[in-house]
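> Each chain is listed here by its residues.
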Amino acid sequence: MFFIKKLHHTIQLHPAFFTQNFETYLTEKLYKDVEGTCTGRFGYVIAVLDTNETLEISQGKVIPSVGLAEFEVAYRAIVFKPFKGEVVDGVVSQVNKMGFFADVGPLQIFVSSHLIPQDLKFDPAKNPPCYANNSEDSYAVIEKGTHVRIKIVGTRFDATDIFAIGTIKDDFCGVVTGS
Amino acid sequence: MSQVPVLIKIPMEHLPATICNFLVKPGDKIAKSQSLLSYEYKKTIQKRSALATEESEYMDVLTPQIEELKSPTEGELEQFHVKQGETIDRKNNKVVVGVIEPCSHSIQLHGLCALCGTDITTTDHNGIEYAQRATISMAHNVFGLTVSLNEAERLEKETSRRLLEERKLSLIVDLDQTLIHATIDPTVEEWIKDGNDVAEDVRKFTLPDSPIVYYIKLRPGLKEFLRSVSKIYEPHIYTMGTRNYASAVANVIDPDNTIFNERILSRDESGSMTQKDIRRLFPCDNSMVVVIDDRADVWSWSPNLIKVHPYDFFVGIGDINDTYLPKRPVPQTSIPMVIVSEDDSTHKEIPDGADLNNVVEKEPANNASIDENNISFNKDENSKEKEQNNEVNSPEIAEENNIKNDKEVLRDVNISEEKSNREPLKVNTENNTSIDALLKPVQNNKRSFEEISDVDNVDEKSAKKQQFDRNENNEIKDLDQKVSFIEQKSISRPMLADNDTELPHLLKALENIHKQYYEKYDSLQSNSNSNGTPMTPDVTNLIPQMKSQVLKGVNILFTHVIPTNQKRESSDIWILAKEFGAECSANWNNEVTHLVAGDRGTEKVREANRKGDVYIVRKEWLDESIKKWARQLEKDYTLEPNSPRDSETSLISEVDKPLELIIETPSGTDDDDALLSPEIRMEHYESTDWRSALNEVDELLAESGDTSALDESETETESGGRKRLKRYGDVLEVDDRNAKRLKQSPLRQSITFNNDDDDDENESEQAFDKVKKHESDSFYSELTFDGGAHDNEADEVEQDYEDEDADDDYDYGDDDEDYDPGNQSDDEGDDDFDDDEYVQLFEENLRQPNS
Numbered sequence: 001m002f003f004i005k006k007l008h009h010t011i012q013l014h015p016a017f018f019t020q021n022f023e024t025y026l027t028e029k030l031y032k033d034v035e036g037t038c039t040g041r042f043g044y045v046i047a048v049l050d051t052n053e054t055l056e057i058s059q060g061k062v063i064p065s066v067g068l069a070e071f072e073v074a075y076r077a078i079v080f081k082p083f084k085g086e087v088v089d090g091v092v093s094q095v096n097k098m099g100f101f102a103d104v105g106p107l108q109i110f111v112s113s114h115l116i117p118q119d120l121k122f123d124p125a126k127n128p129p130c131y132a133n134n135s136e137d138s139y140a141v142i143e144k145g146t147h148v149r150i151k152i153v154g155t156r157f158d159a160t161d162i163f164a165i166g167t168i169k170d171d172f173c174g175v176v177t178g179s
Numbered sequence: 001m002s003q004v005p006v007l008i009k010i011p012m013e014h015l016p017a018t019i020c021n022f023l024v025k026p027g028d029k030i031a032k033s034q035s036l037l038s039y040e041y042k043k044t045i046q047k048r049s050a051l052a053t054e055e056s057e058y059m060d061v062l063t064p065q066i067e068e069l070k071s072p073t074e075g076e077l078e079q080f081h082v083k084q085g086e087t088i089d090r091k092n093n094k095v096v097v098g099v100i101e102p103c104s105h106s107i108q109l110h111g112l113c114a115l116c117g118t119d120i121t122t123t124d125h126n127g128i129e130y131a132q133r134a135t136i137s138m139a140h141n142v143f144g145l146t147v148s149l150n151e152a153e154r155l156e157k158e159t160s161r162r163l164l165e166e167r168k169l170s171l172i173v174d175l176d177q178t179l180i181h182a183t184i185d186p187t188v189e190e191w192i193k194d195g196n197d198v199a200e201d202v203r204k205f206t207l208p209d210s211p212i213v214y215y216i217k218l219r220p221g222l223k224e225f226l227r228s229v230s231k232i233y234e235p236h237i238y239t240m241g242t243r244n245y246a247s248a249v250a251n252v253i254d255p256d257n258t259i260f261n262e263r264i265l266s267r268d269e270s271g272s273m274t275q276k277d278i279r280r281l282f283p284c285d286n287s288m289v290v291v292i293d294d295r296a297d298v299w300s301w302s303p304n305l306i307k308v309h310p311y312d313f314f315v316g317i318g319d320i321n322d323t324y325l326p327k328r329p330v331p332q333t334s335i336p337m338v339i340v341s342e343d344d345s346t347h348k349e350i351p352d353g354a355d356l357n358n359v360v361e362k363e364p365a366n367n368a369s370i371d372e373n374n375i376s377f378n379k380d381e382n383s384k385e386k387e388q389n390n391e392v393n394s395p396e397i398a399e400e401n402n403i404k405n406d407k408e409v410l411r412d413v414n415i416s417e418e419k420s421n422r423e424p425l426k427v428n429t430e431n432n433t434s435i436d437a438l439l440k441p442v443q444n445n446k447r448s449f450e451e452i453s454d455v456d457n458v459d460e461k462s463a464k465k466q467q468f469d470r471n472e473n474n475e476i477k478d479l480d481q482k483v484s485f486i487e488q489k490s491i492s493r494p495m496l497a498d499n500d501t502e503l504p505h506l507l508k509a510l511e512n513i514h515k516q517y518y519e520k521y522d523s524l525q526s527n528s529n530s531n532g533t534p535m536t537p538d539v540t541n542l543i544p545q546m547k548s549q550v551l552k553g554v555n556i557l558f559t560h561v562i563p564t565n566q567k568r569e570s571s572d573i574w575i576l577a578k579e580f581g582a583e584c585s586a587n588w589n590n591e592v593t594h595l596v597a598g599d600r601g602t603e604k605v606r607e608a609n610r611k612g613d614v615y616i617v618r619k620e621w622l623d624e625s626i627k628k629w630a631r632q633l634e635k636d637y638t639l640e641p642n643s644p645r646d647s648e649t650s651l652i653s654e655v656d657k658p659l660e661l662i663i664e665t666p667s668g669t670d671d672d673d674a675l676l677s678p679e680i681r682m683e684h685y686e687s688t689d690w691r692s693a694l695n696e697v698d699e700l701l702a703e704s705g706d707t708s709a710l711d712e713s714e715t716e717t718e719s720g721g722r723k724r725l726k727r728y729g730d731v732l733e734v735d736d737r738n739a740k741r742l743k744q745s746p747l748r749q750s751i752t753f754n755n756d757d758d759d760d761e762n763e764s765e766q767a768f769d770k771v772k773k774h775e776s777d778s779f780y781s782e783l784t785f786d787g788g789a790h791d792n793e794a795d796e797v798e799q800d801y802e803d804e805d806a807d808d809d810y811d812y813g814d815d816d817e818d819y820d821p822g823n824q825s826d827d828e829g830d831d832d833f834d835d836d837e838y839v840q841l842f843e844e845n846l847r848q849p850n851s
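These protein sequence lines map, in sequence, to chains P and A.
Going by the UniProt record's numbering, the first sequence opens with residue 1, and the numbers climb by one from there.
Going by the UniProt record's numbering, the second sequence opens with residue 1, and the numbers climb by one from there.
For the record, the hints were derived by calculation from the structure and aren't laboratory data.
Treat the hints with caution; some may be incorrect.
[Unchecked claim] Here's a subset of chain A near chain P, in silico, CB distances under 8 Å, partners left out:
| # | residue |
| --- | --- |
| 1 | Gly-111 |
| 2 | Ala-114 |
| 3 | Asp-119 |
| 4 | Val-142 |
| 5 | Asn-257 |
| 6 | Thr-258 |
| 7 | Asn-261 |
By construction, the Cβ of each residue, glycine as well, lies at the ideal position given by its N, Cα and C atoms.
Only chain P is shown next, with the shape it has when bound in the complex (with noise of 0.2 Å):
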């Protein structure tokens, strides 16, 4: 799930860039730092929504004996954050025999064998290796690159990673044919 939540992050600035837009560099400082990481408390961070302008920036304050500035940056940031039920879209990046692997944007979901439809089965002889059905009516195959929907089942959050499961044996799961 995505939402808008105000962070905080800490940055310190060289002298060398104490400079009239030294915002500039504080912004783009945030965006490097933040964006793209991922906490175990808030999720991904996907994007940081305030600019230059917008940013609170704290008074910068000069730390003994080193001579950067510290600076508080209070900003607005989109993060993802999964949740055990909530359905997702992804695509498949690697199938193996035990299951299939879907990015769902930064995170990575496992799909056990177990928790997809019996009548897809693994195929190694496929080039590249698929789940596939073989009825005629409705032929479906997960393979590398193929669009799933995913529904969460379970997620176990890391300091710095986030885990999750996922079953396409649910209800509207599965291959998302394109239209």
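Given the structure of chain P, go ahead and fit chain A onto it with the hints provided.
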């Protein structure tokens, strides 16, 4: 999904115990730690007896206690296996109750059950550690995905059923030095450009995030091999290279991805840096797996393994991914390269040192500057050292230059990156070791040659001495040669010849295994149809059995094959010979049928000659027999006495030559001697005590060959030698010219070369001095140059860092992050900032993800 119930027993320390009450009924849902039943047991308690007055009067009293048995897991009660009132004692510690779990957690990913999504990293004192349920990692390209034994068995059964249907077997192949040979030597680029024939099969690629260009040479016949083998096998790649490297190589050798089809296991996922294990891919059943690899030790000599001869195309590179592997135990003995030196006529004047080693040729050049001996001795044991020398030394010089090149490449690389960081490091270590190797051979030679055989009588001692001297002689020629090439600003780089024939033979062996397996399978199938249990043959029996037929009945004694500093029984060749059915003997006994000799001049060869009924074969016989899985004809590999590669004969002739020169020439040319009639001369000739003369020469050789007595030996040897020569017969007057010739004979050179420590030499031998000094100077200059290269490198690395700092006008923060421990923690002090109730609501939501 049918579930195996969790079986619960009463704790051992509570036995014997009597069941009192059942607290739940079969079919009930049970929460974790819920009480299932109560039981009574006797507990030992120390009690003070009523009568006791002394402090020691404590008594152990068994007191009945009631305890409840709690469920370690949630689930559904299957059934009780005991009756009320039943007593369970220690001998019969049976299962009391079974609980069926809703999920067996048999597939796990990073601490999550892949079946039910439960976080299984949490443990409590009472519960079961679910993480222990799935410990087997068996997927190729995923790290962190583990399965339970049951699940692994299920998956494997599926695989083997499919393979049997397709009549295939699994084949695990190694990449480096088995199918390909890779290098990062940038000079390869040059000779690709030169349009070298051999370079045809050299492909190059770069890995993401690194500018380093990898050059890989496909082993001859690889395409055909893979095409044929993939029809009867399902190949898997198992390499010690990184994931990116493995994919890139797979892309080259299997561009349309039909052969390996993502069955690639790399170091990133293998879980071990030093060992390879079939169980990583086939955890339960290795009966249908064949492994090919050039390293048997990393597989612990698994019975599934077919050891192939390492493919060594780029000389001196070795395995570029063996940084973490244990050192290769045996020095390579036969290298599939033809060592040819560069022809002067085709030599190009190359201004840049870095380009030195890219002048390569395929055809043997008729080179004037190289002793013919050097080529003709090829393949005998000396050439082994020579090859090592060449292999190590010559590209070494190039290597130094390459480092510079590499560094230039590396300058752009982010040093902190693990990958690029490793490369220069590796080059460094390689460099160092090879410098060691460069310095060692002389000592090593001495040691190994002295230890070769137990020599008793004087003749043999002298023979040994001769051999030793000759060996040094050869060594010197090597250096000579090398030095002269350095002078010429050119390098005698071993030519890259591509005469490896391993793969066709390997294919034949694999086809054979496959055929035998399915023949056996078919016969087993037809037999076992009646009793219904499916029987399949086992490759782990089949391969050793097939191997052991090859050299059955052969009893091998090695001489000059296994280095003396190595344990015989653990050397590759010894183990291989045994695997292929041969018996190996440490010493002479009546069983020995074959003497595998690396050199002719050993005691064991003489002994074998005396015995007469023993085949004396070169090591190639054994190599070829192993390679082709068939005993080769001994007569094609006998150690022929007159063969030019035979070291002993050439050795003798070489020793004899100067003698002849001295004796015959004066008698033929001197006027005084001309007066004597041929008969008288003959008489003189015969009356000379040749044995003592020879001994004297030996002594002379021994004296000057001794490195400890270097300085003073110079003049003494000269005069002493002359004195003695005069004594051979009064008729023999050694004139100056002959003395000079003696001086310049190769043997003489060998003697004086040993003086390379002292700079001020005997004045009388100026010409000779010059040669020698030139030798030693170049030798040292080369070494110091090498050391300099290292220093430079270190400097440049430092430079790199500085450069980076200077260039880094944007990433100012990166360098400073160390100062700020709280840099990354976005959430610090959140609550102070947000009092907004919406935000609080949101945070609550975030904190309870699964509610």
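> All hints are to be evaluated individually against the structure, with a verdict given for each.
Here is how each hint holds up against the structure:
1. Gly-111: holds, 6 Å
2. Ala-114: Since the shortest Cβ distance to chain P is 4 Å, the answer is holds.
3. Asp-119: holds, 5 Å
4. Val-142: For Val-142 (chain A), the interface hint holds, since the closest Cβ of chain P sits about 7 Å away, which is under 8 Å.
5. Asn-257: With a closest approach of 6 Å, the Asn-257 (chain A) hint holds.
6. Thr-258: Check passed: Cβ of Thr-258 (chain A) comes within 6 Å of chain P, closer than 8 Å.
7. Asn-261: holds, 5 Å
Going through the hint list in order, the structure satisfies each hint without exception.
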